[in-house]
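Student: For the protein sequence lines, the chains are P and B, in the order given.
Heads up: the first sequence begins at 528 in my numbering, then just goes up one per residue.
Heads up: the second sequence begins at 50 in my numbering, then just goes up one per residue.
None of these hints come from the bench; they were simulated from the model.
Misleading hints may appear alongside valid ones.
Within a straight-line C-alpha distance of at most 27 Å, the following computed DSS-like cross-link-like pairs (lysine-lysine) qualify [said to hold, decoys possible]:
id: 1; chain 1: B; residue 1: Lys153; chain 2: P; residue 2: Lys1130
id: 2; chain 1: P; residue 1: Lys551; chain 2: P; residue 2: Lys688
id: 3; chain 1: P; residue 1: Lys1123; chain 2: P; residue 2: Lys1107
id: 4; chain 1: B; residue 1: Lys150; chain 2: P; residue 2: Lys1130
id: 5; chain 1: B; residue 1: Lys153; chain 2: P; residue 2: Lys1123
id: 6; chain 1: P; residue 1: Lys1130; chain 2: B; residue 2: Lys151
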Amino acid sequence: MLDLAYLIPLLPLIGFAIIGLGNKKLPKFLVGLIGCGSILGSFLIVLSLLIGITSGSIPNATTISYFDWINAGSINLSMSFLIDPLSVMMMTIITGVGFLIHLYSAGYMSHDEGFARYFAYLNLFVFSMLMLVMGSNYVVMFAGWEGVGLCSYLLIGFWFKNTNYNNAAKKAFIMNRIGDLGFLLGMILIFVTFGSLNFSDVFSQAPQIMKANYEVGIAITLLLFIGATGKSAQIPLYTWLPDPMAGPTPVSALIHAATMVTAGIYMIVRSNVLYTMAPFTLDIIMVVGIVTALFAATIGLFQNDIKKVLAYSTVSQLGYMFFALGLGAYTTGMFHVTTHAFFKALLFLGAGSVIHAMSGEQDIRNMGGLRKKLPITFWTFVIGTVAIAGIPPFAGFFSKDEILAHAYERSPLLWGLGVLGALMTTFYMFRLLFLTFSGSFRGTEDQKSHLHESPISMTLPLMVLAVLSIIGGFIGVPEVLGGTNWLANYLAPVIATVGEKEVHALSHSTELTLMKISTSLVFLTIIIAYIIYVSKKIMPLPEGKESGIQKLIYNKYYIDELYDSIIVKPLRLLSDFSGKILDNTIVDGIVNGVGKSVEVGSKVLRYSQSGSISNYLFIMVIGIIIMLVINLIK
Amino acid sequence: MQDLLTNSLNGYIFLASILFTIGILGILIRKNIIIIFMSIELMLNAVNLLMTAFSVHHNNSDGQVFVLFIMAVAAAEVTIGLAILVMIYRNTGSVNIDELKKMKW
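The shape of chain B in the complex, shown without the other chains:
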């Protein structure tokens, strides 16, 4: 098992990169704020996956500890983010990101 993982580290990196890129593209392309949120989560999880993979590869548990922290913080962040989103929806009646253009000169 150990050997298999070590040999296929490239695969994990590849997978994580794809997930991260999908996240970025999601953020850039989609207009729905909920989808953008999900894309952010996807990027976070891509990083988590990579950290776990390297943690096992180097036989060092620090990476996995960080992953747990990231998940906790991400949960808190999503909570606040969704709360703000609900308020935005109540006020504007929309979750389209292009509607939110009030913060300018």
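The following block holds chain P by itself, in its conformation from the complex:
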């Protein structure tokens, strides 16, 4: 099946080309068929690779080279794919979840006039994302990395007639570019240090070179991590992620929850050899991760836009993943990427279904009581919420618990912070669930008469993802619960063994106790949320009525305003300065001055043209005499 590996990214690319070129000339049915079909084709090939890898018929790290891409001087890069457990796992998530979301989009976007354009972008995104995870060197990865950034921009600004949406798209793109610069610099530094950008060359030399140049290693890993903070929305570059919710909801599910934002985590796990050699960077990642997780969770507590809550939840969960990476638990990070892809895509698609039914309404204060009208959406949403809250045996429980176990291993304080984040997650997710689906309907009569369950093409992906959210955790059941942690074994060949600690040094009884504590706290939080939002029916305050700390948090700690005043405004001032002063006065002054001086000079000089022939003759003779004299003197 390795012979067909090139088709995995090629099929979505072909789909993009056909749909993009055909655009409005193709019937919608055909667009949907090509769009979904190409992803399904890739998914089937990926599945065969997955089976091959797990059964051992495909070697653990196969590099397939297709052609020389860049061949200049000492740079020798080929367009080649790396097929190993890690890339196949990511490919499975991308094409699997990607296919479900394509299917969902076919229903969700069916009334949109940009239907074909939407599918073209979506296919291009899947292509770029596959390039990102399949590349066997940093440059192919970077090409995909930029590709997904572009598609993210195009899809956030999909409804380009709205200026706010365009601004959100630009913000996302620019924030990503800041991170990309870090990635690029990291790549250059890798090339200078290792003389190569191929994963295999870099990682095999890493132990010796990183030991000799400790500081360079720190610099490389930190620069790559800056790239990851941009793409995966970590402090300080996280502010772009909540805004893109302007785009179509399936896009938020695919790009801003399940796949693209996990690219940073994938990149760090891919480079885990380097990171293991730089413990300092790991500590920074850990701190950034847990701070982001808690910070974003607090913002999520008071948001009223259904998608904003999910967006901050995504930032928070990504923080969790980085927290795991920072603890050196790479497989755990990937485990959470997988389960998160299932339940967060489910939640976003569920939210999309709700918005679809509410004719575009996104404010949860105007919802309520949707349980009876949208039964399938409700039940799948419940499953997603329970999964993210971490109630056994749903998917989120296993991955979250593994992260917490690793945190406890490092220090009980970190465990406490992790649990705190998990409780906040539980609280705002159940707040969202109760406000949306229980109680009585609070919207307008017009919206009420319009309420309907979504079509089968939208509910089917919901159901599939719900099933995955239930069983997804079983790929990593820890030993204490009678599992073998299949995922850890599966990913073992990719993870560096250098200096890695024994997995789960905790004793089984401790681990079990921790699980019991965190789970019971989660249940307690659910009960609190139930009392507040169902029994007492407390409503979030209307716009502008918040006060004190609630206002601070509702306005996202004014971080956007802070960035605006410390970065955007000074930059504007600088641009104004160079535009109005440097350019208009100095540069233009020089250019205009040259012209002016020629004009004035010629005005004076033209009087020497007297028109008198005898004058000219006289000057000519004088000139000839002067030339003669000069010749004589020489």
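With chain P held as given, fit chain B onto it using these hints.
Tutor: Here is chain B on its own, set in the frame of chain P:
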């Protein structure tokens, strides 16, 4: 004859220089365009005389060939010059060079 010429080359040079200077002074001082024309011819002929003298002195006929060319070209030039002069006279009623001051800024 040959010797006499060789010995008195200085005399020819002297004569030619005087003629040339008279021509230049004529151009600079006189205002009548016809006189200026004649001065130009004088300068040309001073050069011709010098060329002929050197041609004989070096026993090389190139100089004399050039003289013939110069005379032919000078004839053509004078023809055109006089034609222009006639037109100027018809238009301005004068051949004074100081009258012709129209070609200026």
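Student: With reference to the structure, classify each hint as holding or not holding.
Tutor: Hint check results:
Restraint check for Lys153(B) and Lys1130(P): the C-alpha separation of about 13 Å stays at or below 27 Å, so the hint holds. The straight-line distance between the Cα atoms of Lys551(P) and Lys688(P) is roughly 18 Å, inside the 27 Å bound, and the hint therefore holds. Proximity of Lys1123(P) to Lys1107(P) is assessed by CA-CA distance (about 21 Å); at most 27 Å being required, the pair is judged to hold. Note on Lys150(B) and Lys1130(P): the hinted pairing holds, with a Cα-Cα distance of about 19 Å set against a maximum of 27 Å.
For the given pair, Lys153(B) sits about 23 Å from Lys1123(P) by alpha-carbon distance, which is consistent with the 27 Å threshold. Restraint check for Lys1130(P) and Lys151(B): satisfied, since their Cα atoms lie roughly 18 Å apart, inside the 27 Å limit.
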